[in-house]
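Engineer: Sequence:
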Amino acid sequence: MQYKEVLELMQRFDSLSMDVLVWEDADGRLELRKGASGHAVSVPPVPNSAAPVVPEPEPVQTQAPAEDARYVTAPLVGVFYLQAGPGRPPFVQVGDAVQKGQTLCIIEAMKMMNEITAEIDGVIEEVLGENGQMVEYGQNLFRIRAK
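Count the sequence shown with this note's numbering and you get residues 1 to 147, in order.
Treat each hint with caution, since some may be false.
Unchecked claim - Taking CB as the label site, the calculated pair distances span:
1. Glu108 - Asn140: 55 to 63 Å
2. Lys147 - Gln83: 18 to 26 Å
3. Lys147 - Pro86: 29 to 37 Å
4. Asp25 - Met113: 53 to 61 Å
Stated by the list, open to error - Below, a list of computed lysine to aspartate or glutamate pairs in the DMTMM-like style, where the Cα atoms sit at most 20 Å apart:
5. Lys4 - Asp25
6. Lys147 - Glu130
7. Lys100 - Glu125
8. Lys111 - Asp68
9. Lys100 - Glu119
10. Lys4 - Glu31
11. Lys4 - Glu24
12. Lys34 - Asp19
13. Lys147 - Glu136
14. Lys34 - Glu67
15. Lys147 - Glu67
16. Lys111 - Glu136
17. Lys4 - Asp14
18. Lys34 - Asp68
19. Lys100 - Glu136
20. Lys147 - Glu108
21. Lys111 - Asp96
22. Lys147 - Glu24
23. Lys111 - Glu126
24. Lys100 - Glu67
25. Lys34 - Glu24
26. Lys111 - Glu125
27. Lys147 - Glu119
28. Lys100 - Asp68
29. Lys34 - Asp14
30. Lys111 - Glu130
Because the hints were derived from the structure by calculation, they are not lab data.
The C-beta atom is built at its ideal place from N, Cα and C for all residues, glycine as well.
Let the hints inform the model, and build the full structure from the sequences given.
Structural biologist: Right, here's the structure in full:
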């Protein structure tokens, strides 16, 4: 931006009711602010600098379930509970045999308790949800190996 263009921009800005104006282009950045007097105060332009190079993170390798294993996912957003109440035993633990329709956990959403059940007969290989923590829709909660 040329000096003449900056002066013209400052004059226009001075006549407007705005307090701050930021102008950015390929040549740099110009920021104008009105001081207590209500007149434009020039802030020196800051030249554009190249964006920092951030190394791309390596992909996280997750263990794929065995062909006979399936994940139970959260059907809604809410708080994940492994037991029916404080001091009560968990519905299931790693190594437990489960039957289709058996309650695995509860997800509390909007003060409603929603039972999450097994979709297959099998054995609990992994509990992925953390008791008392929020879970998202579609989040894996359990890995079950089919019988």
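Engineer: Against each hint, give a clear statement of whether it holds in the structure.
Structural biologist: Verification of the supplied hints:
no.: 1; hint: Glu108 - Asn140: 55 to 63 Å; in the structure: violated, 19 Å
no.: 2; hint: Lys147 - Gln83: 18 to 26 Å; in the structure: holds, 24 Å
no.: 3; hint: Lys147 - Pro86: 29 to 37 Å; in the structure: holds, 32 Å
no.: 4; hint: Asp25 - Met113: 53 to 61 Å; in the structure: holds, 57 Å
no.: 5; hint: Lys4 - Asp25; in the structure: holds, 16 Å
no.: 6; hint: Lys147 - Glu130; in the structure: violated, 25 Å
no.: 7; hint: Lys100 - Glu125; in the structure: holds, 15 Å
no.: 8; hint: Lys111 - Asp68; in the structure: violated, 35 Å
no.: 9; hint: Lys100 - Glu119; in the structure: holds, 5 Å
no.: 10; hint: Lys4 - Glu31; in the structure: holds, 16 Å
no.: 11; hint: Lys4 - Glu24; in the structure: holds, 16 Å
no.: 12; hint: Lys34 - Asp19; in the structure: holds, 5 Å
no.: 13; hint: Lys147 - Glu136; in the structure: violated, 28 Å
no.: 14; hint: Lys34 - Glu67; in the structure: violated, 67 Å
no.: 15; hint: Lys147 - Glu67; in the structure: holds, 12 Å
no.: 16; hint: Lys111 - Glu136; in the structure: holds, 16 Å
no.: 17; hint: Lys4 - Asp14; in the structure: holds, 15 Å
no.: 18; hint: Lys34 - Asp68; in the structure: violated, 68 Å
no.: 19; hint: Lys100 - Glu136; in the structure: violated, 23 Å
no.: 20; hint: Lys147 - Glu108; in the structure: violated, 29 Å
no.: 21; hint: Lys111 - Asp96; in the structure: violated, 29 Å
no.: 22; hint: Lys147 - Glu24; in the structure: violated, 63 Å
no.: 23; hint: Lys111 - Glu126; in the structure: violated, 27 Å
no.: 24; hint: Lys100 - Glu67; in the structure: holds, 18 Å
no.: 25; hint: Lys34 - Glu24; in the structure: holds, 18 Å
no.: 26; hint: Lys111 - Glu125; in the structure: violated, 30 Å
no.: 27; hint: Lys147 - Glu119; in the structure: holds, 12 Å
no.: 28; hint: Lys100 - Asp68; in the structure: holds, 15 Å
no.: 29; hint: Lys34 - Asp14; in the structure: holds, 8 Å
no.: 30; hint: Lys111 - Glu130; in the structure: holds, 19 Å
Checked against the numbered hints given earlier, this structure breaks hints 1, 6, 8, 13, 14, 18, 19, 20, 21, 22, 23 and 26; the rest are met.
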